[in-house]
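> These protein sequences, in sequence, are chains A and B. Start counting the first sequence at 1; every next residue gets the next number (our numbering). Start counting the second sequence at 1001; every next residue gets the next number (our numbering).
Heads up, some of the hints might be wrong.
[Said to hold, decoys possible] If you want the footprint, here are the derived chain A segments under chain B, 3+ residues with CB under 8 angstroms: (1) 87-97; (2) 107-120.
[As the list claims (entries may be wrong)] Which chain A residues face chain B? A few, computed with CB under 7 angstroms, are given here: (3) Met150; (4) Gln154; (5) Leu157; (6) Glu161.
The set of hints was computed from the structure by calculation and includes no laboratory data. Positions of the beta carbon are idealized from the N, C-alpha and C atoms, including for glycine.
Each chain, written out:
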Amino acid sequence: MRLPLLALLARGPAHGYELKQDLEQLLGSAYPQPNVGQIYVTLGRLEKSGLIEGEDVEQSSRPNKKVYHLTDAGREALRAWYEETADEPRVRDEFFMKLALAPQTGLVDQIALINRQRRQYLNTMRQLSKLAAAEHRDNRISQLLIEGAMLHLQADLDWLERCQEELEGLP
Amino acid sequence: MSERTAEVLRAEGLVKTHHGEGAPAHAVRGVDLRVARGEFVAITGPSGAGKSTLLHLLGGLQRPDAGSIWLDGVCTDGYGEARWAVERRKRIGIVFQFFNLVSDLSVADNVELPALLAGVPPKKARAGREELLAELGLAGKERSMPGELSGGEQQRVALARALVNHPPLLLADEPAGSLDSKGTREVMRLLSRFHARGQTILLVTHDARLASAADRVISFFDGRIADDAALDGGTPPRRTGTSGVLELKD
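Here chain A stands alone, though its shape is the one from the complex (with noise of 0.2 angstroms):
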């Protein structure tokens, strides 16, 4: 979260409210509604470590408000950030290990661990559907957000697939 947060400051000064409205804007019904705690936490980090500074603002009915801002420190880490490649994802491990090792523990046969794995893909794909028939179509960062999601998916059920064909028959 501290990135994303570095890179919404990018913009302008915001207080911590300001910033989960953002982020909730920005990628929809897809992210996980914002912990305002979390996010205040981690601008709390991120001060300390001399990223953003705070300033406080005087409301007149409420209490002071911290308005933040990126330092060039900040800047410098955010755009370290953005020189640097993500990771690229990887094979579901834990279900992985547990197809490599059943047949040795003799406790589940390896097609029906197949199948239930499948199962519940599929159940999430159904409820990725909704969710991007249920968000605005207008909301691309969203929509790109749940159809990656969903590609992904439909990878690891193509590799399930895979396993089915390969391990299908044997003793």
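With the hints as your guide, set chain B onto chain A.
Same frame as chain A, but now just chain B:
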């Protein structure tokens, strides 16, 4: 019309082996299947698993080597080519991967033709066509020729043609197989919409995104049903569901 049973489609012991060059290919190896009225069933599996052959058997486009098929509770064992053609006009609508529109007929004629062949009066066929094309966002394309349309549009015309006689059963064979991501979503949306209105649909696809529009998914491997699962979407796994698509770390 026949009595309305709860089962639109039933198959028992279906077997189909293709004898081409080389070893015989066991495309369908003993399939039992029941589809209830109003269900939306997807059959998924790797290419070559035999799922398209199964769909062809269910639509009477190929005959099984063994086994029987019931449409609306009526056994089709004795049906010949001509009788199946009638069933495909009245009781079964089919859409294919490559649309299979008649290329030298206009969009309007492609859609009206099956209605006219089924004995629907021209006025009524025209009204049905107009309604469906409007519904599918194709108003204004009546006079276009299929070749002038995009893939997604052609598939929508094919869907209109398949549904113009209000068949109790819609069979769809990789309907998004030659469409891009946007076209796929469009097909998905339309199938869901017709299903929501009570259309029974049996869909064959290798695309899990498309399959997830169905409320029951059959996994087909090596000519057999490997799994048959109802999708309720109601057991949100950890981390996912409406809120877990994206995870931001601390």
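> Take the hints in turn and mark each one as holding or not.
So, going through the hints one by one against the coordinates:
Given a C-beta distance limit of less than 8 angstroms, the hint that chain B covers the region 87-97 of chain A is violated, as 0 residues qualify and 3 are needed. Chain B is given as covering the region 107-120 of chain A, and this holds because 5 residues of the stretch bring a CB closer than 8 angstroms to a CB of that chain, at least three being needed. With 7 angstroms as the threshold, the beta carbon of Met150/A comes within range of chain B, its nearest partner Cβ sitting at about 5 angstroms, so the hint holds. At its closest, the beta carbon of Gln154/A sits 5 angstroms from a beta carbon of chain B; the interface hint therefore holds under the 7 angstroms criterion.
For Leu157/A, the shortest C-beta to C-beta distance to chain B is roughly 4 angstroms, which falls under 7 angstroms, so the interface hint holds. At its closest, the beta carbon of Glu161/A sits 5 angstroms from a beta carbon of chain B; the interface hint therefore holds under the 7 angstroms criterion.
This entry does not satisfy hint 1, going by the numbered hints stated previously; all others are met.
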